[in-house]
Amino acid sequence: MILASHSSNYGERMDKVKLALIGAGGMGNYHLANIARMETVELTAVCDIIPERAQTAAEKYHCRAYTDPQTVLNDSTCEAVLIATPHYTHTTIGIAALESGHHVLVEKPISVHKADCERLIAARRDKRLVFAAMFNQRTDPQYLKIRELVTGGELGPLLRIHWTLTDWFRTDAYYASSSWRATWRGEGGGVLINQAMHNLDLLQWICGMPTRVWGHCRFGQRHQIETEDEVTAYLEYGNGCTGVFVTSTGEAPGTNCLEIIGERGRLRLENSRLVFTRNEIPALEGIRFSKSAYDMPPTQEIVFSFTDSGGQHAEILENFIAAIQTGASLIAPAEEGLHAVELANAMLYSSIIGQPVNLPLDGFIFEQQLEKLIANSSFVKTTMTEVERDIRKGF
Amino acid sequence: MSNSGKVNIAVIGVGNMGSVHVKDIATRLPNTNLAAVCDTDRERADRYAAEYHVPAFYDYRELLQQAGLDAVLVATPHYDHTPISIEALEKGIHVLVEKPLAVHVNDGRKMTAAYEQARAKYPNIQFGIMFMSRLHTHWAKIKKFLDSGQLGRLARATWIVTDWYRTQAYYDGSGWRATWRGEGGGVLLNQCPHNLDLYQWFFGMPQRVSGFAHIGKYHDIEVEDEVTAYFEHENGMVGHFIASTAESPGTNRLEIVGEMGKLTLENGKVRLAHNEHSMLENIRASKAAFDAVPYQSEELPCEPLMDWLHWKVTQAFADAILTGAPLLAHASEGLNSLTLGNAIMLSSFQGRPLTLPIDGQVYEMKLQELIKTSRYQKVVHEAKVDFGKSFK
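Chains G and W supply the protein sequences, listed in that same order.
Per this note's numbering, the first sequence starts with residue 1, numbered consecutively.
Per this note's numbering, the second sequence starts with residue 1, numbered consecutively.
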């Protein structure tokens, strides 16, 4: 297989990147619509384990249909793959794709658990291969702004992070729509590994990784599922910063409110409005040097409003293609996807053992725990075929 | 009772808070008469005695011997709430105690037991606690709304209350403050009893408490100044309580989620998202994978807080003595917030969730150990005190 040239910035017309989609379910079909609009991509194949699904998509987008990912990698002319299969197979298909010299864009989570993440990441031995993850929310201007303020030091050293993230409302019909969903065997988790994966990625992307995680997961609390659908996690960071991460798929209307407190003030994001309340004197300096018992540092409010939500999935796709064609730097390198999985795993593991977990998490121990959950599962999944799906409502 | 039909009340402890009560009792309330002031700090006792032309006492035992004394308002450092209240109740003297009821639940239980005993002898004896926050319009409105059942089954309550910013000067202002021996705790025991009381008033007591407390993290003190707690209730509701005295600007945001919607209080505004039907029913009944529950948004009107409301509690306390009218908060209710605060600390010390009720003995012993092993050296400096800034 010939890799796309990295030296194509001489002005000559770049060849389209030949891309195959593996996994033509809800997300896969959503990506197909984006791919069809891109001039830099030639869709060569669609692969799905369900033949009709592969066939339908292949007919619609004029490409070949496959049911076996390995055959796509062996036979098709694709140089890159987009993997949008159920989570566990991200690892197996991802490894096969990387080992056969394909660029890979993998849906989130990059794998179900840390040990699989490490296996998958290790498979990218050829560093010329572009390996990215679909963390589309990194393109959102409001998170970009927050990251800039935090990592740029505007907020000062962090004291506390709070994210109430309960606007991932899902119905029983959603969980019943696929047999793999929200089972230990099929999906390997619930809200953490699926919906909140984006937010866990943003959290680590903006604030770095905690050193200790205390998770409180509730399993099938609001839904007919065996995995977690309500979570509170308490986080401690190396510099003493603490964090609380609350998520649920059982609340409507739900809340998405992120607050990050640093010595120099508070960032609050809710309803696309970011408010930076900036301290004129850092909070801890005020504590140390004020002569008055009930003094407060004077503050100033800066409001950022956001009208658009960024390029999202399409931008991640374009960035992946640009990285292949021109060596553009990735918005979301897949290697970074390990952190969000580690956070999700640690929250789950801590919850099961009833104790805090120090990071880095032992991936092997967690994998064993997950296998135990699978082996001990007595959950009987009911699936429904008549489920209305408008996936755009899911974001 | 004095001839004027007013209750003769002495204030014990005329520090920051006590001096406010002295003024209310002497000048503001129609049904009280300031009988005396008492403080171990003689200069302070003398100052208020002179100002209001009442006798000064330096030892509460002497005060309690005085004929004609109907009631005491106890505003001393927390540990002293217990012996003073018990002794007064034993003598048939009505007691209104500042928050917290006591430092630990063992002491609190002794106080409520003393009240029960006193009641056998003095059937009309009153034992109230200064939970004036319940009177604030927004809290009262939320309580009424919750009690109306319009939110349906509750799923979550998250309260971030980190707007208790305190400087080192505040902690250095009194020798007893923020020490295990003198105060017995930090932000949970001093700043948060009102919040913890409102929590249990709104939602009842949780079944299980997980606490994460940080000791002297942002201040040179030996007690907690940052706390996170996770509550699990028997009805399936979860609660979060986050408090700090180190944040500027600090947050005070309470979010209550029920199956019929969400209520959010922040910046004195109560916002309501009212679901057209139950989100929990929708989970079961919907045929759509990605569904939403239609809801109406509105703001519940609340009058802004214009005044401290301690005087209303004192007035109601005096009314209860004079006419048998109900108290705004009975002291025994103070056991709940005390239990929450103690449970958060004990869970944090033990590194595991605790099921309520907690063992008061275990907590008291832990506290004794903290006092005994304390190596904290307190340096006291006079600080500028603008007490009006201290309430939320």
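Errors might be hidden in some of the hints.
[Claimed, not checked] 27 Å max Cα-Cα, derived DSS-like pairs, lysine-lysine:
#, chain 1, residue 1, chain 2, residue 2
1, W, Lys378, W, Lys23
2, W, Lys287, G, Lys381
3, W, Lys384, W, Lys366
4, W, Lys6, W, Lys384
5, G, Lys291, W, Lys366
6, W, Lys91, W, Lys384
7, W, Lys144, W, Lys269
8, G, Lys60, G, Lys127
9, W, Lys217, G, Lys291
10, W, Lys366, W, Lys110
11, W, Lys312, G, Lys291
12, W, Lys366, W, Lys378
Simulated from the structure, these hints should not be mistaken for lab results.
Results of checking the hints against the structure:
1. W:Lys378 x W:Lys23: violated (31 Å)
2. W:Lys287 x G:Lys381: Given that 27 Å is the threshold and the Cα spacing comes to 17 Å, the pair holds.
3. W:Lys384 x W:Lys366: This hinted pair is violated, its Cα atoms lying about 34 Å apart.
4. W:Lys6 x W:Lys384: violated (36 Å)
5. G:Lys291 x W:Lys366: Distance of about 34 Å is beyond 27 Å: violated.
6. W:Lys91 x W:Lys384: Violated, because 39 Å separates the two Cα atoms, which is more than 27 Å.
7. W:Lys144 x W:Lys269: holds (16 Å)
8. G:Lys60 x G:Lys127: Violated: lysine 60 of chain G and lysine 127 of chain G sit about 34 Å apart, past 27 Å.
9. W:Lys217 x G:Lys291: holds (20 Å)
10. W:Lys366 x W:Lys110: Cα-Cα ~18 Å, so holds.
11. W:Lys312 x G:Lys291: violated (33 Å)
12. W:Lys366 x W:Lys378: Holds. Lysine 366 of chain W to lysine 378 of chain W sits at ~21 Å (cutoff 27 Å).
Of the hints listed earlier, those the structure fails to meet are numbers 1, 3, 4, 5, 6, 8, 11, in rising order.
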